[in-house]
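K.L.:
Chain by chain, the residues:
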Amino acid sequence: MIWNEEYETLPREALEALQLKRLQAQVERVYASVPYYRGKMDKAGVQPGDIKALTDIKKLPFTTKEDLRKNYPFGLFTVPLERVVRIHASSGTTGQPTVVGYTRRDIKIWAELMTRCLSAAGASPQDIIHNAYGYGLFTGGLGAHYGAENLGATVVPVSGGNTKRQIMIMRDFKSTVLLCTPSYALNLAETMTEMGIDPSEMALRVGVFGAEPWSENMREEIQKKLGIQAIDIYGLSEIIGPGVAIECTEEQKGLHIMEDHFLPEIVDRDTFDPLPLGESGELVFTTLTKEAFPVIRYRTKDFSRIITDHCSCGRTFYRMEKITGRSDDMLIIRGVNVFPSQIEHVLMSIKDVEPHYQIIVNREGSLDSMEVQVEVSEDIFSDAVKNLETLAKQIQIEIKDLLGVSCKISLVEPKTIQRSEGKAKRVIDNRKI
Amino acid sequence: MKVKQIAVFLENKSGRMAEITSVLARNGINIRAMSLADTADFGILRLIVNDTDNAKQILKDNGFTVGMTEVLVIEVVDKPGGLASVLQTIKENDLNIEYMYAFTQKSGETGLIIFRFDEIDNAITALSKSGVRILSGEEVYAI
Numbered sequence: 001m002i003w004n005e006e007y008e009t010l011p012r013e014a015l016e017a018l019q020l021k022r023l024q025a026q027v028e029r030v031y032a033s034v035p036y037y038r039g040k041m042d043k044a045g046v047q048p049g050d051i052k053a054l055t056d057i058k059k060l061p062f063t064t065k066e067d068l069r070k071n072y073p074f075g076l077f078t079v080p081l082e083r084v085v086r087i088h089a090s091s092g093t094t095g096q097p098t099v100v101g102y103t104r105r106d107i108k109i110w111a112e113l114m115t116r117c118l119s120a121a122g123a124s125p126q127d128i129i130h131n132a133y134g135y136g137l138f139t140g141g142l143g144a145h146y147g148a149e150n151l152g153a154t155v156v157p158v159s160g161g162n163t164k165r166q167i168m169i170m171r172d173f174k175s176t177v178l179l180c181t182p183s184y185a186l187n188l189a190e191t192m193t194e195m196g197i198d199p200s201e202m203a204l205r206v207g208v209f210g211a212e213p214w215s216e217n218m219r220e221e222i223q224k225k226l227g228i229q230a231i232d233i234y235g236l237s238e239i240i241g242p243g244v245a246i247e248c249t250e251e252q253k254g255l256h257i258m259e260d261h262f263l264p265e266i267v268d269r270d271t272f273d274p275l276p277l278g279e280s281g282e283l284v285f286t287t288l289t290k291e292a293f294p295v296i297r298y299r300t301k302d303f304s305r306i307i308t309d310h311c312s313c314g315r316t317f318y319r320m321e322k323i324t325g326r327s328d329d330m331l332i333i334r335g336v337n338v339f340p341s342q343i344e345h346v347l348m349s350i351k352d353v354e355p356h357y358q359i360i361v362n363r364e365g366s367l368d369s370m371e372v373q374v375e376v377s378e379d380i381f382s383d384a385v386k387n388l389e390t391l392a393k394q395i396q397i398e399i400k401d402l403l404g405v406s407c408k409i410s411l412v413e414p415k416t417i418q419r420s421e422g423k424a425k426r427v428i429d430n431r432k433i
Numbered sequence: 001m002k003v004k005q006i007a008v009f010l011e012n013k014s015g016r017m018a019e020i021t022s023v024l025a026r027n028g029i030n031i032r033a034m035s036l037a038d039t040a041d042f043g044i045l046r047l048i049v050n051d052t053d054n055a056k057q058i059l060k061d062n063g064f065t066v067g068m069t070e071v072l073v074i075e076v077v078d079k080p081g082g083l084a085s086v087l088q089t090i091k092e093n094d095l096n097i098e099y100m101y102a103f104t105q106k107s108g109e110t111g112l113i114i115f116r117f118d119e120i121d122n123a124i125t126a127l128s129k130s131g132v133r134i135l136s137g138e139e140v141y142a143i
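Line order of the protein sequences matches chains A and B.
No gaps in the numbering here: position 291 of the first sequence is 291 in the numbering used here, and each next residue is one more.
No gaps in the numbering here: position 79 of the second sequence is 79 in the numbering used here, and each next residue is one more.
No lab work stands behind these hints, which were simulated from the structure alone.
Keep in mind that the hints are not guaranteed to be accurate.
From chain A, some residues computed to sit far from chain B (all C-beta separations above 10 Å) [what the hints assert, rightly or not]:
#1 L81
#2 I107
#3 R205
#4 F272
#5 G335
#6 K393
#7 S410
#8 K415
#9 K425
Capping the alpha-carbon separation at 27 Å, the derived lysine-lysine pairs in BS3-like fashion look like this [claimed, not checked]:
#10 A/K52 with A/K40
#11 B/K91 with A/K408
#12 A/K225 with A/K59
#13 B/K60 with A/K415
#14 B/K13 with A/K415
#15 A/K70 with A/K59
The beta-carbon is built from N, C-alpha and C at its ideal position, and this holds for glycine as well.
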């Protein structure tokens with residue numbers, strides 16, 4: 001269902017006129033209120049008045065995570081703190097956390113966008129929504145929560161962790177919609193089986209999964225194991241949080257970007273030159289309506305392409321192709337780019353291999369080595385050494401074929417790879433570079 | 001004629017064997033015969049026990065990957081050439097042995113050889129025909 005018929009189906013021409021008007025206002029406000037942005041624009045020799053068409057956006061300098069860190073914590077806010085009603089922050093595992101703020105209006109818009117997403121995924125006020133995204137500084141929990149409430153659905157704010165209790169709640173409350181990370185969805189499915197609960201006893205109908213890249217094979221795995229439709233949602237805290245883009249149930253081919261609030265661009269992965277929308281590259285967003293924490297040309301480090309084809313769901317918003325990798329997650333092994341999602345793809349295309357894996361990278365001397373740990377489930381286990389060695393070899397060859405990198409496959413005992421309670425930890429990089 | 005054997009997947013980590021044997025001991029399971037196949041990276045423990053189904057469930061409940069296969073247990077005379085004649089029959093009948101291991105009985109007069117064949121039914125026919133004694137499951141579990 002389309003939540004906001006007026007905006008979500010706006011003819012392209014009207015939409016682009018609206019985008020330009022909002023972009024101009026946003027750039028002007030950012031220039032006037034944030035010294036850091038003003039400094040960058042002055043240095044690039046561009047003034048707010050130079051933005052006369054949407055394509056002029058390429059004149060503006062990019063914003064990166066580094067800029068956000070330099071201005072920690074509140075340096076890029078455009079309003080005084082008394083107008084900021086909420087703060088969120090990234091975990092900061094790779095350095096200083098990045099802090100984002102919201103005005104009352106930002107929160108309202110965010111809730112509206114998240115409601116649109118849930119509607120696109122087929123949720124309605126009749127649904128009981130089990131929200132297992134983490135509540136707290138992470139945008140996932142509260143972002144999804146406000147959207148679900150705004151939709152009028154019944155929200156169960158379970159947050160992450162305590163998996164067995166979650167399953168009992170889900171079963172007893174007859175929850176129909178599941179919100180969590182895809183890796184946690186698999187953890188839930190596995191735990192249900194362990195508890196002797198058949199996932200078909202659940203009332204679950206659809207899941208809206210995001211906050212980490214996941215492959216199409218993983219989608220199939222989740223759909224099969226939980227017996228639900230798995231919908232991909234996209235968002236990042238620097239832009240607003242969850243609710244930037246959503247798959248529609250009609251096509252499930254790419255995620256509609258909330259273009260009345262965010263302007264997408266695709267740039268070359270290496271040179272950052274703007275690319276035509278249909279080409280594949282790094283996704284860049286400019287917020288069009290954010291008040292407390294607008295960003296101009298934020299480089300997401302997510303790789304995608306934009307689909308401009310008409311969609312049968314009726315939304316006029318362009319779609320972004322499902323993200324399969326982030327440059328942050330990208331490993332360079334002996335000069336070859338490797339995304340964990342590619343390894344996931346290989347593993348899940350082999351029958352009965354469990355979707356739990358971990359990649360361990362080491363450096364011996366000056367040579368990188370990659371080890372992929374795969375759990376031996378009962379279905380792939382054999383009492384004959386030969387069979388297990390053949391399986392390990394098969395995985396190794398298929399990874400080599402796809403990535404051009406050889407790796408060691410280690411078969412490990414079940415449940416030895418840590419289960420996701422939110423974002424899955426797929427890579428352990430022991431290299432000291 | 002077929003004997004049930006449990007196989008357990010083991011990572012090469014210290015203490016795993018001890019865990020398996022103590023779990024079985026706690027539950028009163030008696031091991032009749034065992035063999036460990038090891039590679040550089042992992043091992044497979046094969047066990048014949050007095051209560052196969054129970055042992056399998058107990059190990060599963062303790063988080064091990066467990067499989068069940070059927071093997072043949074053959075009696076050979078405990079003297080030079082006892083095994084050779086059995087292997088000759090196997091060769092003549094083109095039967096492929098996946099693996100084998102041996103143990104002796106209390107009496108010391110006969111040895112027992114456990115065979116895992118690709119084609120167990122063909123093996124039973126061929127070995128029976130040549131007069132080899134194949135032990136029944138009940139006999140083995142009760143040893």
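K.L.:
Check each numbered hint from earlier against the structure, then list the numbers of those it violates in ascending order.
P.N.:
Failing hints, ascending: 7, 8, 11 and 12.
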